[in-house]
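Novice: Quick mapping for you: the protein sequence lines, in order, are chains R and H.
Just so you know, we're using the working numbering here: the first sequence kicks off at 1 and counts up by one.
Just so you know, we're using the working numbering here: the second sequence kicks off at 1 and counts up by one.
Simulated from the structure, these hints should not be mistaken for lab results.
None of these values were measured; they are calculated from a predicted model.
Honestly, I wouldn't trust all of these hints.
You can't tell identical chains apart in this list, so a pair holds if it fits in one copy or across any two.
Said to hold, decoys possible - Below, simulated EDC-like cross-link-like pairs (lysine to aspartate or glutamate); rule was C-alpha separation at most 20 Å, straight line:
hint : residue 1 : residue 2
1    : Lys246    : Glu100
2    : Lys168    : Asp359
3    : Lys362    : Asp86
4    : Lys52     : Glu351
5    : Lys364    : Asp86
6    : Lys52     : Asp330
7    : Lys398    : Glu369
8    : Lys379    : Glu351
9    : Lys52     : Glu328
10   : Lys206    : Glu100
11   : Lys128    : Glu260
12   : Lys52     : Asp334
13   : Lys155    : Glu328
There are 2 protein chains.
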Amino acid sequence: MQKINSGVTAPKGFLAGGVHCGVKTNNTAKKDIAIIYSEKPCTAAAVYTQNKVFGAPITVTRRNIADGMAQAVVCNSGNANTCNADGVEKAEKMCILAAEALHLKPEDIIVASTGVIGQVLPIEPIEKGIAALAPIISREGNLDAVQAIMTTDTKPKEEAYEIEIGGKTVKIGAMAKGSGMIHPNMATMLGFLTTDAAITTPMLQKALKLAVDDTFNMVSVDGDTSTNDMVSIMANGMAENPVIDKEGANFDLFVAVVKEICTSMAKKIAGDGEGATKLVECTVTGAPTIPLAKAIAKSVITSSLTKAAMFGADANWGRILCAIGYTEGDFAVDTIQVDISSPKGSILVCENGAGVAFDEDKAKEILLEDAIHIEIAMKQGDASATAWGCDLTYDYVKINGDYRT
Amino acid sequence: MQKINSGVTAPKGFLAGGVHCGVKTNNTAKKDIAIIYSEKPCTAAAVYTQNKVFGAPITVTRRNIADGMAQAVVCNSGNANTCNADGVEKAEKMCILAAEALHLKPEDIIVASTGVIGQVLPIEPIEKGIAALAPIISREGNLDAVQAIMTTDTKPKEEAYEIEIGGKTVKIGAMAKGSGMIHPNMATMLGFLTTDAAITTPMLQKALKLAVDDTFNMVSVDGDTSTNDMVSIMANGMAENPVIDKEGANFDLFVAVVKEICTSMAKKIAGDGEGATKLVECTVTGAPTIPLAKAIAKSVITSSLTKAAMFGADANWGRILCAIGYTEGDFAVDTIQVDISSPKGSILVCENGAGVAFDEDKAKEILLEDAIHIEIAMKQGDASATAWGCDLTYDYVKINGDYRT
């Protein structure tokens, strides 16, 4: 498995691009519509938000890839097209426009929107944008595409890997956006994966689900599960590897690379959470079960008090214990050990569920780094899990106190 | 039912007080130990945090009031006496010291601590403090007692009411502290209630539980369920009313006043949440069931994004819909109506699950008030519930980014 310096256009046959069309009215320099296109039809799979309030694009995408096939993604930022009476109609219109411009059928389009909830989506700029964008999508358009789906993200998030399957080089690329309203349940924020692997739809769906559960679904920025979360993957088979149509070594290899790329994107999303100054990674080991390990890791990285302490570089481990303690489930607390580490070193703060003396200056030095690792050893079993979050900062409040106006 | 201008010493036979003893080392002006004392033995009841990591004082109090009786409360602030290897021993010592000073038995003491988790509780200042405080507790000491249990609270929270039961005047008083780590589950933050009512322990426990479920347990400041939450009530019978020993009109009247006083304290705790600039009340009506109404109301007031929007006086109602949507349970969203109101008026923002046009200037004017009411009409049943929270502000981050050091 090798990392390559690219994104969604790394796999053979994929083109992408992004432009400003005017959904974002406040800044003409900000791109707001993206297209990802495959020269050949793809098997396709997706996972979606579990929020009962969900965006119109999710209704339409779900319907469009029911046949397991897709060939392009169209996504706007600046407006979520959610909680609008005419939302589904507008999402369908986006598919028709993209299909016309790309010479595809509307049912081959994955459509997504991100931005403010509950404001009517203006279709005119999207119509103009798609018409302008479709002719200029290219192998080099990956970065433009990522930039066009950013909202309060400060960094574009993309990634690509290369593996060998059955003697053929297979590439997989991804782009994602995160930032706020990030606390996925089953599916997550927006993530679009592309690959030139040959793989059937059922195996593709299975691979995506396996990867997302341990990666995107283990990220939380603010505990708010968005209405528009979606991660999709399209596989066009142009790598000409033996088709992956069942479990086995090739499938495992494929899952491993999807998981790797999703882990990387998940960490980028957490570290670039709204207002975040640092990535906080929490690993739970020795748990009785994997679901409990996951629940505890997520509880810790979701705790507002722990997040604020991380911002202040304060080794207030009592808040970590508190967040462990209110996790639902059956476990003991008197065996728990907590260590906090970063590139500056590691420090033991809690043993057998109680505090131990530690060097506060050393702790401060460790916590001033921009990636912090909280290690929780439960000593009650063999299960483990990792979750990713960020600190809670003044800027989170600033961004969200006045995001819409 | 009549409100009176007092607190825990309003009922006959109760004395209280608070002094600085030195648990809070950083500010000698801040009181940090409180005593509430009844001249006669009391029936007593309490509810506790459901966090699996819980303070040593909870272990000891639970044991002490197992017989349904108590006569005094001793509570320190500045240190939670939680996650300490010697915690139970120290909590027992506090009971012994208070019992000696008040000429009671250690088993008659309700003990509580609030403050930092995981730092060893220094017993010397507490010993000195109890010795100094016990001789000076008085009918006028209620405010000193409340001040002594405050941590990051900015306002002392106390309340008293008077009712008539069987021709006798019965009084009930309360004091509480809240601020951060406030997201109770079953029990809550610290609340101490006193009454001169004559009531048996089982009926007292039942009344407290009924009141707390709809009041303290419907408050959230930050989604963090504390390790030390406790609400207790002591009834000394000095009002000489016919003993309340079963359900009926007198019990209902007693429950009503306990609920009234707990509601009032809950709103004070929410409005004075860490860093809060405003109280946010969320009422859900027309829900299929009461648990679902409660869950939705709590989901909305707990949402970081909604809280930040309230801080910014931004009528970003899509975040309210989002928080409704990720509440667990079975319900439809397409019938939901949302109104936002304050003393400046009321505005409809969402109907049938979709946005409606509204006057942004009017919305701003409404949201700039310091108490905001979010009304969610589900139109799917007859159940309703109310929850209380606050906005998410720079000061919350400031307080919690550097609370311990």
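Novice: Does each hint fit the structure? Answer for all of them.
Specialist: Results for each hint:
1. Lys246 <-> Glu100: Classified as neither; 35 Å inside a copy, 75 Å across copies.
2. Lys168 <-> Asp359: neither (53 Å within a copy, 61 Å between copies)
3. Lys362 <-> Asp86: neither (57 Å within a copy, 26 Å between copies)
4. Lys52 <-> Glu351: This pair counts as between: shortest inter-copy Cα distance 16 Å, intra-copy 41 Å.
5. Lys364 <-> Asp86: For Lys364 and Asp86, the Cα distance exceeds 20 Å both inside one copy (52 Å) and across copies (26 Å).
6. Lys52 <-> Asp330: between (28 Å within a copy, 9 Å between copies)
7. Lys398 <-> Glu369: Classified as between: cross-chain Cα gap 19 Å, same-chain 23 Å, threshold 20 Å.
8. Lys379 <-> Glu351: within (11 Å within a copy, 51 Å between copies)
9. Lys52 <-> Glu328: between (22 Å within a copy, 9 Å between copies)
10. Lys206 <-> Glu100: neither (31 Å within a copy, 68 Å between copies)
11. Lys128 <-> Glu260: neither (37 Å within a copy, 59 Å between copies)
12. Lys52 <-> Asp334: Between. Shortest inter-copy distance 10 Å satisfies the 20 Å Cα cut-off; intra-copy 38 Å does not.
13. Lys155 <-> Glu328: So Lys155 and Glu328 fail the 20 Å test inside a copy (35 Å) and across (33 Å) alike.
In summary, the structure is inconsistent with hints 1, 2, 3, 5, 10, 11 and 13 from the numbered list given earlier, while agreeing with the others.
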